[in-house]
Amino acid sequence: MNQAIRRAWVVAISMFALVLGSLTYVQFFQAQELKNNPWNSRQLYQDFGRQRGAILVDGRAIAESVPSNDQFNYQRVYNEPELYAHLTGYYSLSLGSSQLEKTESDILAGTSSSLFYDRVVTLFSGVDPQGASVELTIDPQIQQLASDLIPDGQRGSIVVMEPSTGNILAMVSKPSYDPNLLSGHDTAIIEQSAAMLSEQPGLSIYSNPATESLVSPGSVFKLIDAAAALESGEYDAESQIPNPPALEFPGIEYTLPNFVSGGCASRTTADLEFALEQSCNTPFAQIALDLGEEAIQEQAAKFGFGETMDIPTDVVASIFPSDLTDPELAQSAIGQFDTRVTPLQMAMVSAAIANDGQQMKPQLVKSVRAADLELIDSPQPESLRQSVSGDTADQLTEWMVNVVDNGTATGAQVPGVRVAGKTGTAEVSATGDNAWFTGFAPADDPQVALSIVMENVDIPTGQQLTSPSAKRLIEAVLNR
Amino acid sequence: MSDVLTAPRSRRNVELLLLLLALAVAITASYLAGVDREEAFSEFFWTQGLTLTFMSLFLHIVLRLRAKYADPLILPIVVALNGIGLAMIHRLDLSAMQSNPDIDPVASQQVMWTAVAMGAAAALLILLRDHRLLRRFTYISLIVSAVLLLLPLAPAPIGLEINGARIWISVGFGTFQPGEIAKITLAIFFAGYLSTNRDLILLAGKKIGPLQLPRFRDLAPMAAAWLVSIGVLIFQRDLGSSILFFGLFMVMIYVATSRVSWVLIGLAMIGVGVFVALELFSHVALRFDSWINAFAPEVYDRAPGGSHQVVQGLFGLANGGLAGTGFGAGRPDLVTYANSDMIIAALGEELGLIGVVAIVMLYVLLVSRGIRAALGTKDGFGKLLACGLSFTIALQCFVVIGGITRLIPLTGLTTPFMSAGGSSLLANWLIVALILLISETARRPVPTAPMKDSFPEALGVSGKPVKKRTAKVATR
Chain E
49 MNQAIRRAWV
59 VAISMFALVL
69 GSLTYVQFFQ
79 AQELKNNPWN
89 SRQLYQDFGR
99 QRGAILVDGR
109 AIAESVPSND
119 QFNYQRVYNE
129 PELYAHLTGY
139 YSLSLGSSQL
149 EKTESDILAG
159 TSSSLFYDRV
169 VTLFSGVDPQ
179 GASVELTIDP
189 QIQQLASDLI
199 PDGQRGSIVV
209 MEPSTGNILA
219 MVSKPSYDPN
229 LLSGHDTAII
239 EQSAAMLSEQ
249 PGLSIYSNPA
259 TESLVSPGSV
269 FKLIDAAAAL
279 ESGEYDAESQ
289 IPNPPALEFP
299 GIEYTLPNFV
309 SGGCASRTTA
319 DLEFALEQSC
329 NTPFAQIALD
339 LGEEAIQEQA
349 AKFGFGETMD
359 IPTDVVASIF
369 PSDLTDPELA
379 QSAIGQFDTR
389 VTPLQMAMVS
399 AAIANDGQQM
409 KPQLVKSVRA
419 ADLELIDSPQ
429 PESLRQSVSG
439 DTADQLTEWM
449 VNVVDNGTAT
459 GAQVPGVRVA
469 GKTGTAEVSA
479 TGDNAWFTGF
489 APADDPQVAL
499 SIVMENVDIP
509 TGQQLTSPSA
519 KRLIEAVLNR
Chain Z
1361 MSDVLTAPRS
1371 RRNVELLLLL
1381 LALAVAITAS
1391 YLAGVDREEA
1401 FSEFFWTQGL
1411 TLTFMSLFLH
1421 IVLRLRAKYA
1431 DPLILPIVVA
1441 LNGIGLAMIH
1451 RLDLSAMQSN
1461 PDIDPVASQQ
1471 VMWTAVAMGA
1481 AAALLILLRD
1491 HRLLRRFTYI
1501 SLIVSAVLLL
1511 LPLAPAPIGL
1521 EINGARIWIS
1531 VGFGTFQPGE
1541 IAKITLAIFF
1551 AGYLSTNRDL
1561 ILLAGKKIGP
1571 LQLPRFRDLA
1581 PMAAAWLVSI
1591 GVLIFQRDLG
1601 SSILFFGLFM
1611 VMIYVATSRV
1621 SWVLIGLAMI
1631 GVGVFVALEL
1641 FSHVALRFDS
1651 WINAFAPEVY
1661 DRAPGGSHQV
1671 VQGLFGLANG
1681 GLAGTGFGAG
1691 RPDLVTYANS
1701 DMIIAALGEE
1711 LGLIGVVAIV
1721 MLYVLLVSRG
1731 IRAALGTKDG
1741 FGKLLACGLS
1751 FTIALQCFVV
1761 IGGITRLIPL
1771 TGLTTPFMSA
1781 GGSSLLANWL
1791 IVALILLISE
1801 TARRPVPTAP
1811 MKDSFPEALG
1821 VSGKPVKKRT
1831 AKVATR
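In order, the protein sequence lines correspond to chains E and Z.
Numbering follows this note's numbering, with no gaps: position 35 of the first sequence is 83.
Numbering follows this note's numbering, with no gaps: position 458 of the second sequence is 1818.
Hints listed in this document are in silico derivations from the structure and should not be mistaken for laboratory results.
Take the hints with a grain of salt, since some may be wrong.
What the hints assert, rightly or not - Just a sample of chain E residues kept apart from chain Z, beta carbon distances all over 10 angstroms, derived:
id : residue
1  : VAL59
2  : GLN78
3  : ASN117
4  : LEU143
5  : THR213
6  : GLY232
7  : ALA349
8  : ASP386
9  : SER431
10 : VAL465
Stated by the list, open to error - Interface residues of chain Z toward chain E, partial, derived using beta-carbon atoms under 10 angstroms:
id : residue
11 : VAL1632
12 : TYR1660
13 : LEU1674
14 : VAL1727
15 : LEU1744
16 : ALA1754
17 : VAL1760
18 : THR1765
19 : LEU1767
A quick note: this is a predicted structure, and the numbers were derived from the prediction, not measured.
Backbone N, C-alpha and C fix where the C-beta goes; we use that ideal spot for every residue, glycine too.
Let's have the full structure, built from the sequences with the hints guiding it.
Here it is, written out as structure tokens:
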């Protein structure tokens, strides 16, 4: 019998071993994942109980925790909520947190490992722990201007950045919302507000459109075709490309037309300068067919397509489709079909061209300071990759300047400054198009790169809301 | 059978020392539970400390007088577990009272139950003296078990249904789960039945290949076990208890027969039971689903039968991490039933992996000491009883902690000695008293004087006691 008892003991010990193993798994290996689970309100409860750090723009708090007289001790308050909602995100009891409130949560809450020393000090000094504050790269005046340039009721995004550092000076999307509605301590009111906001057309409180919504780029994608053409070595400034009014494909009825009202019709062949200037479709479609899907794909990837980023908020990957038939490739190459980009992606394309082909990582955070104002972290400019060679970048810059001087983007001209740019119109529905502008200035010493997209507008409105807005933003940045 | 050497020393002083250590742990925990809210020396602190100290010293003295050679580790371990449990329940009370000051503190009830349970354990030690007396009550135990298990099914004034499970009865001042006590009486029945009939069960029956199959009528206790487990599952909707009962029977049958074939038959029967339960009972299927798909939104939000509880428990454990948030600094109150079914999640959150591993190690020690008693005692009944009861504690820990950590589906079971709940506490303290008694017979020095001629049939032709026969059986 004793042998059987020993075996029973072994079984009992094995059960304990299993239990110890699973406890270790949950509390050690899985802990971080569980802590980050959106349903996990613990971190929130814990964080609400302490003074969370502020998010600052130019020294002014756009999100801060102020003492409150309820069980949580502190209340998160957003100043100028609509202007910054898509950047700060919300910090909500029942909805979790989003954007910077989410990605910088460790720092704001003071639990980041970089704040370990401060935590030890507060542990022994008995002072209530405080979170660190996060200062953004945003320029409040540019941000305000960008916001003013998108009419209320219009869905659109503007991204303004510094090409040499990747610092984001403004990032605005409309429609926006008031995160204060979601950050109270009454979950019933939060639910109500969330339901109300979800009914607003074009608004999603869960994502920042500038970095997380994918839209058709239309003709601004031609910059990538032009870059691919130059980088391939098969094309140069002299190359003459057939410019038929419409491109036909053997065996099928589909034809790809040039833009009807533009100046393309004046020439039957075009060089790249002219094709960009007038934004002719057929030359670029032919370049793509000639170079092949992979070449375009590769150039797109060199500009950052297909890659997610954290800046530190999430950026979704822009898409250039694959496994395309010829008509699909032709369409994709002019930014139609399944080609999709984030507004930030197009600003990055311009910024890379502006920065001699070197693409810098976009950055929203300028510095992190502990509660005692000690500097903990200030992200340094970080190069992502060489998107195109310096020569290609120079050539593209010249052509883009020509687009602003003589072509489709004349509205972006700034007196005394050489502005480089490219417009785009993506046909997305029967009711309207996506109107785009992307570019940078000054062309010989770029200080600012930007992208503007207005979604679902008619063509005249779209033109009005893009190039002239770019002009005002460039002026504002250069005059600061 | 006598290959385990018995210790000649009583080691009661070791027990006293360890007991003081256990009390220090328990009382410190209780102090920490209140210190953050500046209520460290509250009324509860004194009642908890004094009750635990007084009752455990009382038990210690009872052991000195009545069971001098009982295992010295068991009492301190259990006092520590009980004390930490009380502190955590009190700490959760404080959280609950913050939002609703009128709430009835669970901890003071639990202190009362602790006193009752420890008193009952002492009474059992004093009255019973020798566990072998229980063998006389083999069939009475069966009847008592049946009554206890059927009581909750009685009509309303007696039987109560809480949260879908019909396992409670109302007893004047509160509720009681008779199933907890039935665990002990069923163990007594099985130990008695199997120790009496094991030879018959072992020798009769056909042999097919390597498997010695039992005769059909020897399967009767097995069938009874199965019926009880399934009956509890069907009529009381209590998955945890039915697993516990079945595990108890399986281990006792295995220990009695040393036959793997019985275990296989048992597992097959469990398989059938589980399959039937999954098919027939939505609550079992839901538990299963919320185990597998705990993180699916529709499962998380489902009520009843959703995974909210287990997921929140996991969040708690994750929040504790390696070192824990510290006693009173976490939010274990966010987990439903944090002070009963989910108390391990609460402890894991505040004491961390380190603390909860220490607690599990206390259970490992406790179970090992119980098994040691089973090895040491010489009577089959005692072996079966000690082994069965110790294994039950291990199985209960496995089912509870495994359920909380999502190793297995979550079932509503108490963590022995820690969870809030009087019946569980009482039953487990009675189990401790029984194991202490059995360990006493295991460790008591064998009388060295020549045996009186009271059992002439035990002597061989040469006049020496025949021990070989039992020894042979034991090594099967």
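Structure-based check of each hint:
Once the 10 angstroms rule is applied to beta carbons, VAL59 (chain E) is inconsistent with being away from chain Z; the minimum gap is 8 angstroms. Chain Z draws GLN78 (chain E) into its interface by the beta-carbon criterion, the shortest separation being 7 angstroms against a cut-off of 10 angstroms. Annotated as non-interface, ASN117 (chain E) keeps its C-beta farther than 10 angstroms from every C-beta of chain Z; the closest such distance is 15 angstroms. Taking the minimum C-beta to C-beta distance to chain Z, about 14 angstroms, the non-interface status of LEU143 (chain E) holds against the 10 angstroms cut.
For THR213 (chain E), the condition that its CB be more than 10 angstroms from all CB atoms of chain Z holds, with the nearest at approximately 37 angstroms. A cut-off of 10 angstroms between C-beta atoms confirms that GLY232 (chain E) is not in contact with chain Z; the least separation is 18 angstroms. In this structure ALA349 (chain E) is separated from chain Z by more than 10 angstroms, as the shortest Cβ-Cβ distance comes to about 33 angstroms. Under the 10 angstroms C-beta cut-off, the non-interface status given to ASP386 (chain E) relative to chain Z holds; the minimum distance is some 29 angstroms.
Residue-level check passed: SER431 (chain E) sits 36 angstroms from the nearest beta carbon of chain Z, beyond 10 angstroms. With a least beta-carbon separation of about 52 angstroms from chain Z, VAL465 (chain E) lies farther than 10 angstroms from that chain, consistent with its non-interface assignment. Look at VAL1632 (chain Z): its Cβ only gets to about 22 angstroms from chain E, farther than 10 angstroms, so that hint breaks. Using the Cβ-Cβ criterion of 10 angstroms, the hint placing TYR1660 (chain Z) at the interface with chain E is satisfied: the shortest such distance is roughly 7 angstroms.
With a least beta-carbon distance of about 6 angstroms to chain E, the hint placing LEU1674 (chain Z) at the interface is held under the 10 angstroms criterion. Annotation: interface hint on VAL1727 (chain Z) holds; nearest CB of chain E at approximately 5 angstroms, less than 10 angstroms. Interface restraint check for LEU1744 (chain Z): the shortest CB-CB distance to chain E comes to about 8 angstroms, inside 10 angstroms, so the restraint holds. With a cut of 10 angstroms, the hint placing ALA1754 (chain Z) at the interface with chain E holds, because the nearest CB-to-CB distance is about 4 angstroms.
Hint status for VAL1760 (chain Z): holds, given a least beta-carbon distance of 9 angstroms to chain E, under 10 angstroms. Using the Cβ-Cβ criterion of 10 angstroms, the hint placing THR1765 (chain Z) at the interface with chain E is satisfied: the shortest such distance is roughly 4 angstroms. Taking 10 angstroms as the C-beta contact cut-off toward chain E, the hint placing LEU1767 (chain Z) at the interface holds, the least distance being around 4 angstroms.
Against the hints set out earlier in the document, violations occur for numbers 1, 2, 11.
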